[in-house]
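Student: Chain by chain, the residues run as shown.
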Amino acid sequence: MTTAPSAANRAPAQTGRSILVRVLRCDGPGKPSRWEEFKVPVEKSANVISVLQYIAANPVTAQGQPTTPVVWDSGCLEEVCGACTMVINGKVRQSCSCLIDEYAPREGDVMTLEPMSKFPVIRDLWVDRSRMFHNLKRVKAWVPIDGTHNLGAGPREAPGNQEQRYVMSTCMACGCCLEACPQFTLEGDEKKWDEAFLGAHAINQARLFNAHETGKALARERLDQLAGPGGVNDCGNAQNCVKVCPKKIPLTESIAAMGRAVTVHGIKRFFGL
Amino acid sequence: MAPGFTGRFVSPNVPPQPGSRRSGRRKGLIVETSTSPKAAPSFFERNHLLLRRLHSLSGIVPIGVFLIAHLTTNSSLAWGKFGLRGQYPELGVQEGGVAYFQKEVTWISTQIPHLLLIEITLWGAILFHSVLGFMYARTGRSNTSSYGYGANWRYRLQRVSGYIGILFIFYHVATLRWGWTFLVPGGTKWDHHFSASTLASALRGGDNFTAAGVVVSAFYLIGITLLVFHFANGLWTAAITWGLTITAQAQRRWVYVCFALGAGLMAMGWSALIAAVMLNPAQARQVELKMQSKAGEAAAAITAPAASAKAGDPNRPSGQE
Numbered sequence: 001m002t003t004a005p006s007a008a009n010r011a012p013a014q015t016g017r018s019i020l021v022r023v024l025r026c027d028g029p030g031k032p033s034r035w036e037e038f039k040v041p042v043e044k045s046a047n048v049i050s051v052l053q054y055i056a057a058n059p060v061t062a063q064g065q066p067t068t069p070v071v072w073d074s075g076c077l078e079e080v081c082g083a084c085t086m087v088i089n090g091k092v093r094q095s096c097s098c099l100i101d102e103y104a105p106r107e108g109d110v111m112t113l114e115p116m117s118k119f120p121v122i123r124d125l126w127v128d129r130s131r132m133f134h135n136l137k138r139v140k141a142w143v144p145i146d147g148t149h150n151l152g153a154g155p156r157e158a159p160g161n162q163e164q165r166y167v168m169s170t171c172m173a174c175g176c177c178l179e180a181c182p183q184f185t186l187e188g189d190e191k192k193w194d195e196a197f198l199g200a201h202a203i204n205q206a207r208l209f210n211a212h213e214t215g216k217a218l219a220r221e222r223l224d225q226l227a228g229p230g231g232v233n234d235c236g237n238a239q240n241c242v243k244v245c246p247k248k249i250p251l252t253e254s255i256a257a258m259g260r261a262v263t264v265h266g267i268k269r270f271f272g273l
Numbered sequence: 001m002a003p004g005f006t007g008r009f010v011s012p013n014v015p016p017q018p019g020s021r022r023s024g025r026r027k028g029l030i031v032e033t034s035t036s037p038k039a040a041p042s043f044f045e046r047n048h049l050l051l052r053r054l055h056s057l058s059g060i061v062p063i064g065v066f067l068i069a070h071l072t073t074n075s076s077l078a079w080g081k082f083g084l085r086g087q088y089p090e091l092g093v094q095e096g097g098v099a100y101f102q103k104e105v106t107w108i109s110t111q112i113p114h115l116l117l118i119e120i121t122l123w124g125a126i127l128f129h130s131v132l133g134f135m136y137a138r139t140g141r142s143n144t145s146s147y148g149y150g151a152n153w154r155y156r157l158q159r160v161s162g163y164i165g166i167l168f169i170f171y172h173v174a175t176l177r178w179g180w181t182f183l184v185p186g187g188t189k190w191d192h193h194f195s196a197s198t199l200a201s202a203l204r205g206g207d208n209f210t211a212a213g214v215v216v217s218a219f220y221l222i223g224i225t226l227l228v229f230h231f232a233n234g235l236w237t238a239a240i241t242w243g244l245t246i247t248a249q250a251q252r253r254w255v256y257v258c259f260a261l262g263a264g265l266m267a268m269g270w271s272a273l274i275a276a277v278m279l280n281p282a283q284a285r286q287v288e289l290k291m292q293s294k295a296g297e298a299a300a301a302i303t304a305p306a307a308s309a310k311a312g313d314p315n316r317p318s319g320q321e
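In the order they appear, the protein sequences are chains A and B. Just so you know, we're using this note's numbering here: the first sequence kicks off at 1 and counts up by one. Just so you know, we're using this note's numbering here: the second sequence kicks off at 1 and counts up by one.
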């Protein structure tokens with residue numbers, strides 16, 4: 001399983017070099033995009049975030065034109081929150097874990113930064129990923145424990161089951177799987193979100209919660225959603241999702257497992273069971 | 001409650017009332033489920049699972065099963081001599097292929113019951129599979145330029161092979177089955193009594209190669225190749241769709257199975273096409289005529305004892321007499 005950094009250049013990095021960073025900029029929702037270039041001196045162990053910080057402090061293009069600071073989103077800076085996900089050199093990944101030495105090791109090397117294309121741009125490299133949250137709600141990706149009275153202890157979880165679920169639970173909803181997916185396309189109209197393809201992350205979460213002893217209570221509702229428009233059947237099996245997942249979640253196995261569950265569910269539904 | 005909270009806690013399980021406040025977008029901290037009033041679900045939305053799975057199934061049964069039978073029959077043009085089991089010992093490999101292929105075609109057109117019903121079922125299945133496939137394919141956007149992984153290329157090729165493959169199937173069936181000879185260079189009409197010779201001249205654009213015939217033959221090569229790929233790859237993805245192969249290892253093992261099947265079908269399809277294109281229609285016609293006269297003799301031989309039986313065969317039961 002190779003992740004996005006396969007685009008990286010593995011030549012030994014030069015010290016004291018400057019690189020050219022091309023950024024796809026956009027002033028706001030619905031505004032046109034444009035490329036801007038920045039010449040950035042690279043410090044030791046620099047990553048894309050530190051490069052963006054340099055640009056924010058020195059908002060002047062490589063042509064000497066003053067411009068606005070580039071906007072981006074970030075949080076944990078250790079590849080567990082997913083906020084800084086963007087398209088780097090044409091492939092999606094987290095920018096915090098993207099080391100400049102691997103991507104632009106020589107003087108004058110070019111790096112391109114683009115916002116994810118499957119979500120509406122808020123500004124520059126910052127996108128609105130609320131459709132991911134919407135899709136998690138579609139598959140009811142939670143454990144139903146809210147009640148007016150004490151429900152007592154939950155059912156026991158077998159260690160094997162826990163182990164299988166653990167990797168699925170590491171999803172940080174970064175959106176890499178959706179950005180790389182040819183079936184998941186940009187949908188600006190929120191009214192169409194309920195019928196549009198859910199994507200690998202939500203299908204994986206449905207599997208996670210259907211495998212949970214308490215989460216199972218909503219299994220049928222999740223399968224109804226997965227059987228419907230935009231559900232697991234809309235997957236075209238390009239399997240890019242599993243290749244770009246930074247958490248190495250077996251997304252294609254989750255898709256196949258939910259495919260099987262939907263097959264059984266559909267047959268039961270057909271015969272009214 | 002946190003200061004600045006202006007929304008309401010809303011259970012997503014509660015069905016929304018039309019025109020209620022829940023049809024709004026975002027209120028404070030809580031992002032509400034988008035529940036704007038929608039049009040009644042369409043036929044395709046209501047039967048989404050059924051249509052998707054029928055689309056998957058129709059590609060295997062009947063279309064895929066037919067493809068296997070069809071290519072096996074056609075490849076007999078290449079290996080038929082060895083299937084004759086000593087019949088027509090005077091024929092060479094190529095002529096023997098013609099003879100066996102003619103035998104197969106005769107068997108199909110005279111022995112299979114409800115042939116037209118089977119054909120209509122197939123045409124209906126292909127129409128269904130291609131119309132839905134086209135609709136489904138339009139929902140995706142290939143991105144192999146950014147993500148050039150093998151499976152992603154197969155995703156793209158599956159769609160391209162569907163588009164070109166359906167054009168090929170239409171041309172193939174229209175010219176050789178429905179007799180739309182205006183689409184055939186040279187205007188040859190396929191005839192099941194002269195199956196190999198008329199096939200060869202339809203592919204060549206006449207008894208000898210013409211430029212248009214080369215184009216037709218090349219289109220056959222592309223069409224056969226893409227459709228065999230489409231079936232083999234479709235069989236691989238169907239196993240995921242239905243949930244037969246779940247783990248990555250199982251999916252890899254199934255790739256080998258599908259690849260082997262595809263390679264076998266490809267070998268049969270290509271050998272059939274090469275054998276058909278290499279065939280001299282005039283020579284093939286001689287073999288077919290010879291078979292017809294032999295069949296005539298055989299028929300006479302069968303009817304003769306029957307006639308003699310009426311006259312009073314001692315071995316026949318004679319209860320009615």
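There may be inaccurate statements among the hints.
[Said to hold, decoys possible] Distance condition first, Cα-Cα at most 20 Å in a straight line; then the derived EDC-like pairs of lysine to aspartate or glutamate:
1) 103/B to 191/B
2) 192/A to 45/B
3) 189/B to 45/B
4) 191/A to 45/B
5) 39/A to 102/A
6) 248/A to 79/A
Keep in mind the hints are simulated off the structure, nothing from the lab.
Student: It remains to establish, for every hint, whether it holds in the given structure.
Tutor: Going through the hints against the structure:
no., hint, verdict
1, 103/B to 191/B, "holds, 13 Å"
2, 192/A to 45/B, "holds, 13 Å"
3, 189/B to 45/B, "violated, 44 Å"
4, 191/A to 45/B, "holds, 15 Å"
5, 39/A to 102/A, "holds, 18 Å"
6, 248/A to 79/A, "holds, 12 Å"
Consistency with the previously given hints fails for number 3 only.
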